[in-house]
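Based on the sequences and whatever the hints tell you, model everything.
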Amino acid sequence: MKLRTTFGWVLPSLTVLAASLQAADVSPVWVEYPSTSPAPASRTEKTLPAAAATPAATTPASAPAASSTAPVVAAPPPATQTAPAAPQLSAAPVSTMTPPLAAAPVQTPAPANGNGNGNGAQQTPTAPVVTAVITPRLFLFDYFKGVGEDKTHFLERYDYREGFSSDTRTDVFADVDLDLTISNADRDLFVLERQGFGQHNHRGKAKFSDDEIAFSAQYSHYRSATGGIDFLFSPNEVAVGTVPGGPYQTFNDDAGRFDYHVDRTSYGASFKVKPTLLGGVAAVSIDYDGYMREGNKFAPFYLDNPATCPGSGPCITNDADKWRGINLGIDERMNKVAFNIDASPKGLFNINYNVSLEKFTSGTADLKLFDDILSPQGVAVTDITSTNRRGLAPFFYVPDTSLVSQTLQLNQRFGHTFLLALGYSHSSLEDDSSHPRFTALFGGPPPGLPDSWEGEITTDSAFLNASWNARSNLGVEGFVKYYQRDNGSSFPVENVISPTAPGQLVAPRINDITSIDYGLAANWRPGVMGSTVTLGWHRLDRERDLTFGAAAAEHILPGQTLYREDTLSDEAYLKLIARPAKGWNIRLTPSYTWADKTGLVSEPEEALQVKSLVSYTAPAGWLASGFYDYTRKQNANNTFLDAGGPGLTYSQDIDSTLHSAGLTFNVMPVDTVNAFANLFWVQNDLSSYLFQTNTERWNPGVIFSLIDRPNYKVDTYSLGIGADWQARDKLKLRGSYTFSKSTGDVATGVVLTELQNATGTIDSKIDNTLHSISFGADYSLTPKAKLRANYLYDYYDDDAYSLLNGGVHMLSIGVSFKM
Amino acid sequence: MRSVCKILIAWLGVCLMPSVAIAQATTPAIQEIDNTTCKTCHVAYEGHKVNSYHSDCKACHSVIDPKHLVEGGKGRMKFPASENCLSCHQNNDHKRMNWAFSSHKQAQVECRDCHGMHSPKQPKQFNLALWKTDKKSAACMDCHQDVAARLNMPSHHPVKEGALSCVSCHDPHGGKQTSLTNKNDQCYKCHQAIRGPKVFEHAPVVEDCTICHNPHGSPNRRLLQIAQPMQCLQCHSITNNRHATAGVPNGAQLRNCTNCHGAIHGSHIDARLKH
Numbered sequence: 019m020k021l022r023t024t025f026g027w028v029l030p031s032l033t034v035l036a037a038s039l040q041a042a043d044v045s046p047v048w049v050e051y052p053s054t055s056p057a058p059a060s061r062t063e064k065t066l067p068a069a070a071a072t073p074a075a076t077t078p079a080s081a082p083a084a085s086s087t088a089p090v091v092a093a094p095p096p097a098t099q100t101a102p103a104a105p106q107l108s109a110a111p112v113s114t115m116t117p118p119l120a121a122a123p124v125q126t127p128a129p130a131n132g133n134g135n136g137n138g139a140q141q142t143p144t145a146p147v148v149t150a151v152i153t154p155r156l157f158l159f160d161y162f163k164g165v166g167e168d169k170t171h172f173l174e175r176y177d178y179r180e181g182f183s184s185d186t187r188t189d190v191f192a193d194v195d196l197d198l199t200i201s202n203a204d205r206d207l208f209v210l211e212r213q214g215f216g217q218h219n220h221r222g223k224a225k226f227s228d229d230e231i232a233f234s235a236q237y238s239h240y241r242s243a244t245g246g247i248d249f250l251f252s253p254n255e256v257a258v259g260t261v262p263g264g265p266y267q268t269f270n271d272d273a274g275r276f277d278y279h280v281d282r283t284s285y286g287a288s289f290k291v292k293p294t295l296l297g298g299v300a301a302v303s304i305d306y307d308g309y310m311r312e313g314n315k316f317a318p319f320y321l322d323n324p325a326t327c328p329g330s331g332p333c334i335t336n337d338a339d340k341w342r343g344i345n346l347g348i349d350e351r352m353n354k355v356a357f358n359i360d361a362s363p364k365g366l367f368n369i370n371y372n373v374s375l376e377k378f379t380s381g382t383a384d385l386k387l388f389d390d391i392l393s394p395q396g397v398a399v400t401d402i403t404s405t406n407r408r409g410l411a412p413f414f415y416v417p418d419t420s421l422v423s424q425t426l427q428l429n430q431r432f433g434h435t436f437l438l439a440l441g442y443s444h445s446s447l448e449d450d451s452s453h454p455r456f457t458a459l460f461g462g463p464p465p466g467l468p469d470s471w472e473g474e475i476t477t478d479s480a481f482l483n484a485s486w487n488a489r490s491n492l493g494v495e496g497f498v499k500y501y502q503r504d505n506g507s508s509f510p511v512e513n514v515i516s517p518t519a520p521g522q523l524v525a526p527r528i529n530d531i532t533s534i535d536y537g538l539a540a541n542w543r544p545g546v547m548g549s550t551v552t553l554g555w556h557r558l559d560r561e562r563d564l565t566f567g568a569a570a571a572e573h574i575l576p577g578q579t580l581y582r583e584d585t586l587s588d589e590a591y592l593k594l595i596a597r598p599a600k601g602w603n604i605r606l607t608p609s610y611t612w613a614d615k616t617g618l619v620s621e622p623e624e625a626l627q628v629k630s631l632v633s634y635t636a637p638a639g640w641l642a643s644g645f646y647d648y649t650r651k652q653n654a655n656n657t658f659l660d661a662g663g664p665g666l667t668y669s670q671d672i673d674s675t676l677h678s679a680g681l682t683f684n685v686m687p688v689d690t691v692n693a694f695a696n697l698f699w700v701q702n703d704l705s706s707y708l709f710q711t712n713t714e715r716w717n718p719g720v721i722f723s724l725i726d727r728p729n730y731k732v733d734t735y736s737l738g739i740g741a742d743w744q745a746r747d748k749l750k751l752r753g754s755y756t757f758s759k760s761t762g763d764v765a766t767g768v769v770l771t772e773l774q775n776a777t778g779t780i781d782s783k784i785d786n787t788l789h790s791i792s793f794g795a796d797y798s799l800t801p802k803a804k805l806r807a808n809y810l811y812d813y814y815d816d817d818a819y820s821l822l823n824g825g826v827h828m829l830s831i832g833v834s835f836k837m
Numbered sequence: 561m562r563s564v565c566k567i568l569i570a571w572l573g574v575c576l577m578p579s580v581a582i583a584q585a586t587t588p589a590i591q592e593i594d595n596t597t598c599k600t601c602h603v604a605y606e607g608h609k610v611n612s613y614h615s616d617c618k619a620c621h622s623v624i625d626p627k628h629l630v631e632g633g634k635g636r637m638k639f640p641a642s643e644n645c646l647s648c649h650q651n652n653d654h655k656r657m658n659w660a661f662s663s664h665k666q667a668q669v670e671c672r673d674c675h676g677m678h679s680p681k682q683p684k685q686f687n688l689a690l691w692k693t694d695k696k697s698a699a700c701m702d703c704h705q706d707v708a709a710r711l712n713m714p715s716h717h718p719v720k721e722g723a724l725s726c727v728s729c730h731d732p733h734g735g736k737q738t739s740l741t742n743k744n745d746q747c748y749k750c751h752q753a754i755r756g757p758k759v760f761e762h763a764p765v766v767e768d769c770t771i772c773h774n775p776h777g778s779p780n781r782r783l784l785q786i787a788q789p790m791q792c793l794q795c796h797s798i799t800n801n802r803h804a805t806a807g808v809p810n811g812a813q814l815r816n817c818t819n820c821h822g823a824i825h826g827s828h829i830d831a832r833l834k835h
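Going line by line, the protein sequences match chains Z and H.
Here our numbering is used: position 622 in the first sequence is 640, and no number is missing along the way.
Here our numbering is used: position 265 in the second sequence is 825, and no number is missing along the way.
It should be emphasised that the hints constitute simulated quantities derived from the structure, not laboratory data.
Be careful, since some hints might not be right.
[What the hints assert, rightly or not] Among the chain Z residues that face chain H by a calculated CB cut under 7 Å, a handful are: (1) P412; (2) G473; (3) I515; (4) L580; (5) Y581; (6) V764; (7) T787; (8) S790.
Remember, predicted model here, so these are calculated numbers, not experimental data.
Yeah, the Cβ is synthetic: ideal placement off N, Cα and C, and Gly gets one too.
Right, dumping it as structure tokens:
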């Protein structure tokens, strides 16, 4: 009796306990929810009509919902469209829900159907809704210190401002931002945006899109003045910028002081026909892009005076006239039209074809050496006239060109495990203007030889990628890439470029570059710490077909150049991505490269690279992340050979190290405050041998000597902190401070000493600091009007070239009107 | 015997009761799930304007843990992986057709990391100094902090000024393995004047613009990786009779090689690339 009683209590107790544990089981019983299930008729829809049942033709977790309201029922995606399996199976991360962002105006969206490209659209007729925000602004700016109004202020290079009175130093200007949207229940039908920061920096775009077509247009206008800073470093602008005595004692500035800047106005439009109009199998688009680029830049140069005259270069009587600088105009136009078709017949594969035609023209005046450079300056010359070849030579010539490109791409999935992607492109770049220019220059061809030059470059590229999911946690991927650049320009051309005529092929001609890059990678998910491990290898095989000029004719020969015909290198790498706990993300990618052959000294003979990143996102939303990247490249593979003298061989030895590290924090200490801080450091450290020769490298008697091993080492640091604070319901405040500093020597040893002797710290040292402080406030005057004010203060301090020191105040005040 | 049966019946009842309760709580609730159900809790999404193709919560959040509904919102929800998005956004779309081989995919970046489904994705860092930057670039900078720092260097492409965007040069949905555009050709989309063809070419210009330039930013002028003259002296020697005085390299010439070699990207008339 007692035993039965006891048994009677124990068993139910255990059962209840087991049931409780089952209910509390943290391993969810995932339910594949059929997206087409009907809603109860009694439920009142706040925003959606009741879902009606439609044929369940989709694979779970892959296909979009196909629910629709009667009477129009959109056809769901074809049943044959299988869920695309990822070639690299990644652990489905469980992200913290992103805090909801500012809500847009309340709409009544129609139920979803079809695909993102407009197949099977569902129309729910509603009146379009127009929302618009227009923000007129007034800007007040003041550039202080700096070089002077006739030269570029350092901070003006990327922020060129000009006010109502055309003052570029202290003035006022206005602009307006616009954000207009017309939307219906399905989508944003029309969007018009403009952002303006003055007459020299503004942009805009317009887009129209419905289920059948899309049209967009965009433009931007921007003025940069970086060339103005280059001018400040020219030989006459710095003390001891010329060499006492000899051919470099005088620099002739034919340009004078000038406000150097370049304007680029870009524009484009695109018209797309979506699959809805094309039976759901294709999309077609026509795109236009273009730009105008106008301005001026300072162009220094040196006029040769070869030992024999007339020789291959112009003959200048006085050495003091040879070193010159001109104000070179820029007037460029580019127009490009492209046709594109994408097709996915029955979802079996994806194919894309694109063809484009681009025309580039340079409208800059064709500068002729005698008429435009020498004669106006009264330069004494020998055997250079306005009608002979030397005098007619086109200076800093930029040819008009045409580029025709075609690409074809295909990819196909085979089941859930195999994916294949192919692509091929061909482009042909032709020079449209050099031929007539050179023909006019040189007259008719001599018998048997072309006496003109035509430029043509063709390139071919192709790729093949394949991936295979061998198992659910193991994948293999392989790729092959091919590239060829063929220099089809005229060669040889008498009096222009020739391997036999003296000085007409100083450096080798690059006839052809062909490269093949191929590799394999395997990725594995071990099921530990949410990690993925990828092990890979790839090989680069590049061959160059070079033509060297004849010996003893002012041509550098293979032994006297570091440029080689072959590159053959391998790289092995490991990628580790781990999510050991919720919110944590760890990435580590070491790689090692080794090369049997290097074509250039900038290629690594041996390289070690490590990239690492750790980040943590807390459930509360704050974020901390840090990264460190290290790259070391070395190359002692390429050599110089004495052509005369002892006949020794000298290896160039490049040793380059790049460190890059950073920390970032984003926190919300209270609900109304969002703050960030970041710290960044990069160091570039490069050393190489300094070789000197007794004469030009093309001279048969050239002898090399190793005189030093200079080192370039520059550190850059930046610190940024900032916060925004919702102080009141109507008032939001913002502030930030950024500090950036670059410091280091551009060289050591002999090079540093001589640079210091020449211009002191201007060219030998980098030591600059930029402070940026900003404050902003947004105040809601009414529910539809918001006052926006921003103040920015930048100050640049250059300890290497103090002439560049200066700062800018900028205040903008605007009111946003919401309609 | 009857006692045993009673016990067994009681045991069965106790066993089944939680299951029945769960089933009663689970099955009808899941069947009745629609957007209204979701927005009962997720009120913030009530007013969001989304494209009609994104307005059905179940279309993307298609796997639901029953406990998410039963236990007052606890229990895990699966967020859509890229494959869910690509089931629509890959067909008839050359920009995303090779996502599987892309650099972002290989780094396990998901669509939702960059794109907002319910509302536009806002960049995390709101530095006022980036007020001219386009939103796409500001979003890229949230992860690519090293690039963002380079864009602040004295010489940089004007991304933070809004003149161009990260996507002006980069394809966020593509990768090196599936790119048919050579690195130089990417630069030549805007810098046609340098493209040529030129009669006399400069090897590093033909091979790879990034041998000399860092396109994001540099402490050196003209985006140079290394300041002159070191940049040039890696490949070139100094000629005594032209670049030196009494055998000593001349500082005024060394400081800026392009002061004489003005056509450094190639020339139509001068093999020494001076003009």
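Do the hints match the structure? See the list:
1. The closest approach between the C-beta of P412(Z) and any C-beta of chain H is roughly 6 Å, which is under the 7 Å cut-off, so the hint is satisfied.
2. The restraint placing G473(Z) at the interface with chain H holds, with a minimum CB-CB distance near 3 Å, inside the 7 Å limit.
3. A least Cβ separation of about 5 Å between I515(Z) and chain H falls short of the 7 Å threshold, and the interface hint therefore holds.
4. At a threshold of 7 Å, the smallest CB-CB gap from L580(Z) to chain H is about 5 Å, leaving the interface hint in force.
5. For the restraint placing Y581(Z) at the interface with chain H, the shortest Cβ-Cβ distance is roughly 5 Å, inside the 7 Å limit, so the hint holds.
6. Annotation: V764(Z) was flagged as interfacial toward chain H, and the flag holds, the nearest CB pair being 4 Å apart, inside 7 Å.
7. Taken as an interface hint, T787(Z) does not check out: its beta carbon lies about 10 Å from the nearest beta carbon of chain H, beyond 7 Å.
8. The interface hint given for S790(Z) is met, as the beta carbon of that residue sits about 5 Å from the closest beta carbon of chain H, less than 7 Å.
Going through the hint list in order, the structure does not satisfy hint 7, though it satisfies all others.
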